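Undergrad: Okay, here's what each chain looks like letter by letter:
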Amino acid sequence: MGIAFSSTRDYFGFISCREFVSSDSGNSFSYSKNTLEKIGEAMCKPIFGTADIGLRNIRNPLVITAITITIIAAITLVFYPGTFAALSTLAIQPWMVKFGFYLISQTTVLGVGLRGLGRLNNDAVAAAWNAKTIIPIPIGAERVR
Amino acid sequence: MIEYSNNDNIVFRFISHYKLGTQSDLSEYYKGDVQPNLIERIGDVGLWMLENIPRKVWQMATEPRVVTIALTAMTLFSITLAFYPVTTYLATYDVVVFVVTNTPFWAVKLAVYIALVETTIAKALRAYGRFSNQALMDKFYQPQQNTATNK
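Residue numbers (my numbering), protein chains in the order written: chain A, 505 to 649; chain W, 668 to 818.
Derived by calculation from the structure, the hints in this document are not laboratory data. Keep in mind the model is a prediction, meaning the values are calculated, not measured. Cβ atoms here follow ideal geometry from the backbone N, Cα and C, with glycine treated the same way. Among the hints, erroneous ones may be present.
[Unchecked claim] If we take Cβ atoms under 10 angstroms as the criterion, some of the chain A residues that face chain W in the derived model are: (1) A508; (2) S511; (3) Y515; (4) F588; (5) V616; (6) G617; (7) N625.
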């Protein structure tokens, strides 16, 4: 079954959403995820899961502190990679950090693609989407009814 | 329906006949007793690829699954280019050079030649089939006769 999208925004909403909720009950839309979607979800979980928790707890001082420290570390790494490596207690070289970022970016993008393909190939999701009985919930958003 | 009038000058009448001879869809004419003949059908077969493949490619290109695969591949490539530009550029360059140098020019030329000849013959067959279809030609000239009668 094919899925019809009314706009590009509609398409990206479907592909990138965290979950679907039923427009009638407001509860999570239950369906059996296929293998492709499960693999994709596992691949993008490290970044999307963290971003989701962070955004949903953005008012928590602990989260604010954690984000601040992460940003400071990232800026230091970009401007002074050698100093960062020297200060680091672990034997982390700048190329390792770069490769790590590269790897996690690729994994996340591939995961989003696979998850999207899994959803597009799921007849239950397609039927509900075409009937407009489900709503996509983006990352970091709370379910509000 | 293709507009045609005996009172038009030769250029407009030629254009009307050209449209009748080559237009892909003549479903407005083919009703009841008026049906395409064998020669036209052979021409249609020859033109199937030219007339249907672009539409099918467009349908495929707008299919969400294909869009997802293409976007994912493009993003993966862009990230690789952003993180390792020199390595990615050299690898891409090698692949392009390999493809270009291993594609024989004569084969491309021959393929284009065959495609052009085949299309020309098929168009000619379709036009010949339609112009030799008496029922179709009568129907094509009909609106002009009706208009003249009405006047």
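Undergrad: Can you name, in rising order, the numbers of the hints this structure does not satisfy?
TA: 2, 4
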